[in-house]
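K.L.:
For reference, the chains in residue letters:
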Amino acid sequence: MINRSEQSAMDTEPRSGSLGPELQAHIGRQLRSLYDEVLKESVPDHLRELLAELEKKSSGS
Amino acid sequence: MNPEADFKSDLLAAIPALRAFAASLCGRVEWADDLVQETLVKAWANRNSFEPGSRMQAWLFTILRNEYYSEYRRRRHEVADPEGRIAARLTTHPAQDSHVAFREFQTALFKLPPIHREALILVGASGFSYEQAASICNCAIGTMKSRVARARSKLGQLLPLEAHGSSGSDEARENVGELVAAGGYRSGDC
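Heads up: the sequence lines are chains A and B, in that order.
In terms of our numbering, the first sequence opens at residue 1 and continues consecutively.
In terms of our numbering, the second sequence opens at residue 62 and continues consecutively.
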């Protein structure tokens, strides 16, 4: 069962677009694959250098 | 450690999540790194307004998405990218799904309005609750739920039928209300 506040949030969505559980799982899996691919990459050097520069500037001022 | 060194190491630790969010939001790796860079500069400039103890990642995500939307109008012509720039540079692919399905998913994802794609990413991939996601996007929780539902619904229409699986029947579609109401998408289905 869903409670009243959730029901009202759900009512703003068109019911005709409801997804089957397999499709919903597929979307979740693909989305996390995409996200996690970038998440697990190492931090690029230019961003490390940027942080070092920001720190250096503010400690010098 | 001085406070600035602490702040710096917190920013450093947040970079992978910021890059993942930016890349899934804008779909272009170069733009994503520009967004992250701009976010770090702004975060540094506003470091005194960050309240220690609050969730830094949410604070940084807010800066990044504001940056994205302020540039979106100017750069939106660059976004149209049916081939999926991210997919093109990835070296590995999801184990359970084919490369083709992954490409099809990305093509569909980047056809969504960014406000819907963002909602889906925050709740379905970044692991934020609806409440946290709503706070990041400065909207009501009900609005966030509605955006996530619309994003899913539209993806369902855009994805080819084979992605719907064998149980994508009318009966299964009728039952989805309970799944949606159950919440907790990070550990379950999105």
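A hint or two may mislead.
Claimed, not checked - Keeping only pairs whose Cα atoms sit at most 25 Å apart, straight-line, the calculated DSS-like set for lysine-lysine is:
#1 B:K172 - A:K56
#2 A:K57 - B:K215
#3 B:K69 - B:K103
To be verified - Derived contacts from chain A toward chain B, CB cut-off under 8 Å, selection only:
#4 Q24
#5 R32
#6 L54
The hints are simulated quantities; they were obtained by calculation from the structure and are not laboratory data.
This structure is a prediction, so every number in the text was calculated from the model and none was measured.
Glycine included, each C-beta is placed from N, C-alpha and C at the ideal position.
K.L.:
Quick check on A:R32 please, does its C-beta sit within 8 Å of some C-beta on chain B?
P.N.:
holds, 5 Å
K.L.:
With the threshold set at 25 Å, check whether the alpha-carbon distance from B:K69 to B:K103 stays at or below it.
P.N.:
This hinted pair holds, its Cα atoms lying about 13 Å apart.
K.L.:
Against chain B, run the beta carbon of A:L54 and see if the smallest gap drops under 8 Å.
P.N.:
Constraint on A:L54 satisfied, holds at 5 Å.
K.L.:
Does the nearest C-beta of chain B fall within a distance shorter than 8 Å of the C-beta of A:Q24?
P.N.:
holds, 5 Å
K.L.:
With the threshold set at 25 Å, check whether the alpha-carbon distance from A:K57 to B:K215 stays at or below it.
P.N.:
Between A:K57 and B:K215 the Cα gap is close to 47 Å, so the pair fails against 25 Å, i.e. violated.
K.L.:
Are the Cα positions of B:K172 and A:K56 separated by 25 Å at most?
P.N.:
The hint is violated at about 42 Å.
Of the numbered hints stated above, those contradicted by the structure are hints 1, 2, listed in ascending order.
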